[in-house]
Amino acid sequence: ALRARRAAAAPATARWSAAASAAAADPKSAEVADALILGIRDYVRKCGQRRVVLGLSGGIDSAVVATLAVAALGPAAVRGFTMPSPYSSEGSRTDALALAEALQIRCDTVPLEGSFAALIAALTPALDGAPRGLAEENLQARLRGTLLMAYANQAGAMCLTTGNKSEIAVGYTTLYGDMCGGLAPLGDLYKTEVYALAAHLNENYGSPIPAATLTKPPSAELRPNQRDDDSLPPYPELDAILHGTLELGLGAADLVARGAPPATVEWVLGLLIGSEHKRRQMAPCLRVSDKAFGEGRRLPIAQGFAGRKGDAP
246 ALRARRAAAA PATARWSAAA SAAAADPKSA EVADALILGI RDYVRKCGQR RVVLGLSGGI
306 DSAVVATLAV AALGPAAVRG FTMPSPYSSE GSRTDALALA EALQIRCDTV PLEGSFAALI
366 AALTPALDGA PRGLAEENLQ ARLRGTLLMA YANQAGAMCL TTGNKSEIAV GYTTLYGDMC
426 GGLAPLGDLY KTEVYALAAH LNENYGSPIP AATLTKPPSA ELRPNQRDDD SLPPYPELDA
486 ILHGTLELGL GAADLVARGA PPATVEWVLG LLIGSEHKRR QMAPCLRVSD KAFGEGRRLP
546 IAQGFAGRKG DAP
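The opening position of the sequence shown corresponds to residue 246 in the numbering used here, with each subsequent residue numbered one higher.
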């Protein structure tokens with residue numbers, strides 16, 4: 246079904262390609278960086294805390310959040326954990342440790358292999374077989390969330406989530422996994438905007454984000470050879486549709502009239518509407534756009550929709 250969906254969405258017009266490419270550029274990165282640094286500092290301190298913890302995956306989102314947190318609170322107040330699972334690449338581990346070294350923050354490695362195997366063994370009898378698919382993938386994310394929250398409790402720290410607005414919009418997140426935390430610094434930045442912000446941070450904050458983090462295909466690394474665009478449209482196309490509907494209030498017909506592929510529009514809007522229950526449980530995010538998720542966007546948690554609901558609950 247996913248392969249058919251992607252094939253149906255493939256023939257984009259030149260106008261749509263131009264719009265998607267434009268979505269990757271963010272001329273306000275300096276202003277956004279200042280706002281997020283101030284927001285992290287104020288929120289953490291006004292909540293009565295002085296330090297933060299986050300998972301470092303070697304990916305762009307956690308790298309940007311860590312860099313912002315260090316700028317906001319100082320390296321001594323930021324603690325990182327890398328938690329490799331059986332599907333984590335060696336490059337991701339290396340990139341996470343290189344980032345921590347550049348930011349001068351402590352980063353501990355806590356492998357998941359043993360605990361993951363134990364959970365698989367515990368669940369197998371009840372499931373009449375080993376967990377597979379999303380159940381197996383999300384076990385890894387939820388193990389990470391449990392470990393981060395345990396450290397946060399012990400150290401009196403706030404856990405920062407690393408999800409961006411694109412992922413949150415379409416439900417490409419795991420409840421009680423990567424959504425665990427007290428603040429979502431990137432919750433109002435699309436994935437393409439995160440890349441632009443990363444470039445700004447490297448130019449102005451000592452180049453802490455490894456080059457490989459900026460260039461490798463985004464992946465949750467919860468199954469072999471996984472890539473985000475196996476489950477989602479390419480981020481420039483996804484973000485252009487999301488910006489159109491969330492910030493500009495455009496409906497499906499309007500998006501198609503602007504050149505977006507009809508099948509992709511149907512797919513994305515289905516994912517967006519079907520993920521509202523997750524967003525009600527997300528950490529608060531720092532608003533930097535005209536329309537952020539949270540108090541300013543109130544919709545029914547459950548609602549009927551005749552379009553595509555997506556593959557992931």
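Hints are not guaranteed to be accurate.
What the hints assert, rightly or not - Computed beta-carbon distance windows for the label pairs:
id, residue 1, residue 2, range
1, L379, G451, 20 to 30 Å
2, P507, G359, 39 to 49 Å
3, P370, R295, 40 to 50 Å
4, D475, P356, 22 to 32 Å
Said to hold, decoys possible - Within a straight-line C-alpha distance of at most 35 Å, the following computed DSBU-like cross-link-like pairs (lysine-lysine) qualify:
id, residue 1, residue 2
5, K291, K273
6, K536, K273
7, K291, K536
By construction, these hints were calculated from the structure, which means they are not laboratory data.
In this text, all values refer to a predicted model and were calculated from it rather than measured experimentally.
By construction, the Cβ of each residue, glycine as well, lies at the ideal position given by its N, Cα and C atoms.
Which numbered hints turn out to be false for this structure?
1
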